[in-house]
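Protein chains: 4
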Amino acid sequence: MAAGELIRLLLQHPQAHIQFVQSESQAGKRVVYCHPDLEGECNLKFTSSWQPDVDVLFICKGHGQSRKFLEENMIPKRVKIIDLSQDFRLKETSTSQGRNFVYGLPELNANLIKEADAVANPGCFATSIELALIPLMKSVESNIHVHAITGSTGAGQSLSVTSLFSWRDNNISTYKVFEHQHLSEIEETLRYVNPSFNSRMYMVPVRGNYARGIFTTLYTSASLSGQEIRDTYRRYYQDSPFVRVNGDQVYLKKVVNTNNVFISIRKDVDMVFIECVIDNLLKGASGQAVQNMNIMFALDESTGLKLKPSAY
Amino acid sequence: MAAGELIRLLLQHPQAHIQFVQSESQAGKRVVYCHPDLEGECNLKFTSSWQPDVDVLFICKGHGQSRKFLEENMIPKRVKIIDLSQDFRLKETSTSQGRNFVYGLPELNANLIKEADAVANPGCFATSIELALIPLMKSVESNIHVHAITGSTGAGQSLSVTSLFSWRDNNISTYKVFEHQHLSEIEETLRYVNPSFNSRMYMVPVRGNYARGIFTTLYTSASLSGQEIRDTYRRYYQDSPFVRVNGDQVYLKKVVNTNNVFISIRKDVDMVFIECVIDNLLKGASGQAVQNMNIMFALDESTGLKLKPSAY
Amino acid sequence: MAAGELIRLLLQHPQAHIQFVQSESQAGKRVVYCHPDLEGECNLKFTSSWQPDVDVLFICKGHGQSRKFLEENMIPKRVKIIDLSQDFRLKETSTSQGRNFVYGLPELNANLIKEADAVANPGCFATSIELALIPLMKSVESNIHVHAITGSTGAGQSLSVTSLFSWRDNNISTYKVFEHQHLSEIEETLRYVNPSFNSRMYMVPVRGNYARGIFTTLYTSASLSGQEIRDTYRRYYQDSPFVRVNGDQVYLKKVVNTNNVFISIRKDVDMVFIECVIDNLLKGASGQAVQNMNIMFALDESTGLKLKPSAY
Amino acid sequence: MAAGELIRLLLQHPQAHIQFVQSESQAGKRVVYCHPDLEGECNLKFTSSWQPDVDVLFICKGHGQSRKFLEENMIPKRVKIIDLSQDFRLKETSTSQGRNFVYGLPELNANLIKEADAVANPGCFATSIELALIPLMKSVESNIHVHAITGSTGAGQSLSVTSLFSWRDNNISTYKVFEHQHLSEIEETLRYVNPSFNSRMYMVPVRGNYARGIFTTLYTSASLSGQEIRDTYRRYYQDSPFVRVNGDQVYLKKVVNTNNVFISIRKDVDMVFIECVIDNLLKGASGQAVQNMNIMFALDESTGLKLKPSAY
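Chains as they are written, first to last, in our numbering: chain A, 2 to 313; chain B, 2 to 313; chain C, 2 to 313; chain D, 2 to 313.
It cannot be assumed that every hint is accurate.
It does not matter which identical chain is used: a pair holds within one copy or between any two.
[To be verified] Calculated cross-link-like contacts (lysine-lysine; reagent style DSSO-like; alpha-carbon spacing at most 30 Å): (1) LYS139 <-> LYS81; (2) LYS30 <-> LYS92; (3) LYS92 <-> LYS46; (4) LYS30 <-> LYS268; (5) LYS139 <-> LYS30; (6) LYS30 <-> LYS177; (7) LYS268 <-> LYS46; (8) LYS177 <-> LYS46.
Keep in mind the hints are simulated off the structure, nothing from the lab. None of these values were measured; they are calculated from a predicted model.
Kindly produce the complete structure, drawing on both the sequences and the hints.
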């Protein structure tokens with residue numbers, strides 16, 4: 002699904018041209034066979050092999066497959082790489098074939114991304130939680146309590162019982178409570194921002210009964226006032242074209258089908274309560290990948306990413 | 002899903018006791034492993050073989066598998082059979098191993114069902130369309146235009162793309178337009194009611210983005226007035242504990258989670274317009290199977306079937 | 002909606018007979034005008050006044066209206082009262098007109114309910130959170146972190162923007178974070194169970210995009226093992242016909258359209274993580290009201306409450 | 002909702018600049034107060050009066066209010082008008098204050114729209130049904146049977162029972178069967194294409210349980226083969242940037258959040274069966290309004306309308 006979404010974005014990107022879409026399992030088929038909404042906009046066929054004559058290569062393979070792909074294929078040095086898997090996100094896993102993958106959260110690492118020849122695109126939960134916390138990290142003193150509800154597209158097209166409509170419609174459930182695989186990615190990022198951070202993060206991931214979006218709420222104790230915290234966030238994100246900070250409540254559909262991030266910050270007695278909404282397939286995956294491409298190629302960061310919210 | 006629903010009904014049926022639940026693929030597992038909502042209400046395990054010491058055997062196998070099961074297993078004559086597949090619904094397929102399957106639409110065939118030792122439970126679309134048309138059949142002179150929207154549980158637990166939540170959520174599509182497999186069952190029933198009926202039925206089946214229920218609309222030309230037609234229907238269904246006839250609009254959630262049937266009849270100039278709603282897993286499958294059981298064993302027809310509508 | 006649901010339950014209750022349904026705004030109209038799914042099952046009309054010749058009076062009025070009703074109407078002493086508002090739930094608000102309202106959580110107060118002539122039916126969130134915590138209260142030493150997602154029927158039929166389908170469909174939002182009106186009810190109950198409890202409860206209420214059900218997750222630190230805690234809960238709830246305790250994950254649709262409560266308990270390092278699901282209109286409102294009635298009249302607690310789960 | 006969607010489109014339109022947004026009821030408030038997803042993208046406030054210094058005026062008022070507005074306000078001749086109500090769609094209602102409103106279906110009337118100073122934007126159902134039929138009109142000999150399912154945004158923000166989430170979630174119902182107000186608009190358009198057309202159209206409008214989109218199916222008898230009909234359609238729509246014609250099934254989410262139209266055509270014995278999907282707020286309202294603006298100002302027809310499908 003992230004791959005399909007990436008194709009949708011690149012087809013409308015004024016500075017991008019898709020040279021090829023490689024897929025072993027679908028090789029020879031038209032791209033519109035898998036993504037029928039693109040009929041009339043995409044005449045490409047899936048190719049069985051990748052082609053070296055490109056400026057940037059996006060890799061949308063299953064976790065573990067990206068590293069294998071790089072080891073088995075000799076990507077020319079001049080081809081930049083943006084990988085959407087979790088294979089290179091952690092510091093200790095960030096190198097392969099002489100490349101050093103920069104963690105591709107533009108609101109944190111824009112300067113590194115600009116110079117990078119390889120970017121590890123963050124996870125969807127990680128993006129949401131990190132953006133909701135980074136400007137606060139200097140002030141966090143206690144444990145962080147996170148609750149994040151994700152749409153079904155977060156699970157891709159796997160055919161498991163919990164991905165069936167009859168199961169998931171009007172249903173709610175949790176999974177990987179306190180042990181989601183994004184936790185180490187998140188904790189490493191937060192520690193990078195504040196090396197002395199050593200509180201615990203409790204994260205409850207929830208399967209929501211909708212297709213798109215992540216709705217994250219979190220709280221931790223803080224001595225700053227709500228207004229001070231909002232001001233800190235606004236300063237931090239003042240140059241970001243996608244992040245909006247306010248004190249009102251957010252709701253998920255503000256961001257669905259966009260690359261936007263809405264962050265709401267309120268203070269209640271001792272706790273700062275933060276809500277953050279993103280579209281898991283866009284800011285949480287392919288939109289962020291294109292944002293990284295824009296930065297790597299010195300384009301305006303929001304090129305091709307001014308998307309009409311679905312809103313309703 | 003029909004099997005699970007049947008177990009739910011029988012567990013609460015005051016005159017029924019489940020002797021065994023046979024399943025080759027799940028043999029040895031607890032029934033609550035597949036139907037976790039039944040925890041605390043069902044201690045049965047799936048058995049690998051069926052047992053002969055029962056009064057009635059419900060068969061919930063895939064289409065084609067029921068006939069095979071009967072051919073390969075010697076069911077004692079005194080054990081009545083209620084089959085939920087389409088294997089024995091048509092006149093020409095209604096016999097097997099010396100049994101003659103009665104078409105189990107109680108509102109049409111109660112007298113035959115009473116005496117039957119084998120019943121073929123009707124299909125869900127067929128139930129809805131037949132109940133919406135039977136009392137009118139003597140007056141139908143022209144083609145019948147049917148549109149029927151079904152919930153995802155109509156497709157069972159098959160793991161196809163169109164059964165994925167990410168695909169079906171907020172989505173609509175048709176399938177088997179003009180050629181749904183229930184059409185021959187329906188036409189045979191209508192011709193049984195009115196042997197001279199030879200109009201064509203155009204049926205558009207639609208996949209709805211909800212789990213339970215069938216919403217059927219149909220129209221045909223008729224010379225009777227709306228009131229005359231409603232009166233005819235009310236007379237026809239006066240002894241049925243489940244069918245309600247009126248002139249107001251119906252909506253799907255009136256019947257969800259019940260064995261009820263709501264039929265709305267209005268006349269517009271030359272056309273009679275009929276709406277019919279049922280729960281596809283209850284009146285369209287397992288509820289009707291229990292209704293047939295009640296009739297076969299001379300119990301009150303609605304025993305164990307007075308179900309609270311979910312309503313919201 | 003709670004009133005409609007109560008009517009649905011009482012119509013099928015083998016020991017109950019609805020004498021009248023009073024409503025000022027709907028007086029004179031048929032009950033099925035407001036609850037069309039009941040057509041054929043209910044011939045009552047709304048009356049403009051209440052009638053004294055009943056055994057029990059259910060009051061389903063807006064918060065604040067119940068107390069006013071009791072003050073303005075002289076209910077005979079022999080008529081028992083079950084009130085569904087929040088007017089009498091707290092100790093300091095529990096008396097009116099010489100009656101002392103017992104807090105109607107049967108799993109906690111069955112002995113008091115048995116003798117009571119007036120019961121204050123708990124709130125829906127309160128029911129869910131209290132049942133998830135009561136057996137643990139002796140061991141709770143730290144703050145409790147609660148996240149609870151509710152269906153739209155929790156908000157009744159108010160015509161606000163957030164209750165519109167176009168707004169709520171595929172949308173998520175929070176409300177009354179850390180300050181939901183049920184918190185004082187919950188804290189009073191928990192302190193009743195363990196008077197020395199003085200930790201704080203952080204509660205994040207969430208509007209879910211479905212109609213029925215409350216999905217509650219909560220955690221707190223505990224020194225007992227997961228198995229010890231589950232054993233404690235099972236002992237506590239061993240006589241309850243509705244509460245099931247296990248270690249597996251729960252999901253919302255296990256309980257939708259039933260009076261059941263599923264509680265899942267797991268231990269993760271230092272935290273006990275508890276999930277609890279109920280149907281907000283049944284165990285969270287009208288089902289519990291009927292359960293209280295059963296207890297008050299010495300009927301089996303589950304009479305009329307063995308409801309088929311909608312499951313799908 | 003159409004107004005909000007129009008603002009979303011115009012904000013991202015490379016050649017458009019919103020001069021003002023007038024609203025009597027919201028005057029003085031920020032536009033983002035009503036459309037919070039636009040925060041950071043729109044600093045406008047609603048004005049109490051309209052301003053004459055614009056090139057084009059979009060009118061998004063309730064039906065009947067547009068005509069009144071034009072009668073009470075003197076719009077300068079040089080200001081073009083695009084009206085989204087039904088006030089000027091029919092030939093006999095198409096003039097006001099010396100202006101002659103062209104029916105704004107670009108795929109039919111592009112040449113007239115180019116020269117027009119006033120355009121009546123078609124209805125959403127009308128757009129869907131007309132586009133599905135126009136190329137066939139020369140060959141239609143019999144009645145046309147139409148079934149069209151609409152999302153909740155088709156009803157705007159009216160606070161009626163059927164627009165409540167608790168009512169509409171997982172629910173289906175019809176309304177205005179055979180008498181929808183768009184029928185006369187549709188029939189006039191079809192007769193404009195083929196003056197000898199005098200068959201009847203039977204239209205069943207359905208309320209779907211989703212927010213966006215219209216899913217239309219229709220059939221009529223035709224002597225041409227499926228391939229001949231598809232070829233006819235493809236020729237007719239060959240210059241349209243938004244309409245795609247094929248023989249495969251369509252599904253609603255192909256077009257949600259786009260201005261696209263997917264038309265599927267198949268032949269079954271005697272009937273041609275056509276499916277057509279649009280987004281009711283875009284091609285069915287505001288997207289088409291912008292498309293008309295593009296044509297009126299000699300811009301590329303798809304300027305600002307290349308929208309990423311939400312797809313999932």
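Hints, one by one, checked against the model:
With identical chains, the CA atoms of LYS139 and LYS81 are never at most 30 Å apart, being 33 Å at best within one copy and 55 Å at best between copies. For a Cα distance limit of 30 Å, the shortest separation of LYS30 from LYS92 qualifies neither inside one copy, at 38 Å, nor across copies, at 45 Å. For the homomeric pair LYS92 and LYS46, neither the shortest alpha-carbon distance inside one copy (36 Å) nor that between copies (47 Å) is at most 30 Å. Proximity of LYS30 and LYS268 under a CA criterion of 30 Å is satisfied inter-copy only: 26 Å between copies versus 54 Å inside one chain copy.
For a Cα distance limit of 30 Å, the shortest separation of LYS139 from LYS30 qualifies neither inside one copy, at 51 Å, nor across copies, at 37 Å. Taking CA atoms no more than 30 Å apart as the test, LYS30 paired with LYS177 passes between copies only; the shortest distance there is 25 Å, against 36 Å inside one copy. In this assembly of identical chains, LYS268 and LYS46 lie within 30 Å of each other by CA distance solely across copies; the values are 29 Å between and 52 Å within a copy. When the C-alpha separation of LYS177 and LYS46 is checked against a cutoff of 30 Å, the pair qualifies only between copies, where the shortest distance is 29 Å, while the shortest distance within a copy is 37 Å.
Checked against the numbered hints above, the structure breaks hints 1, 2, 3 and 5 and satisfies the rest.
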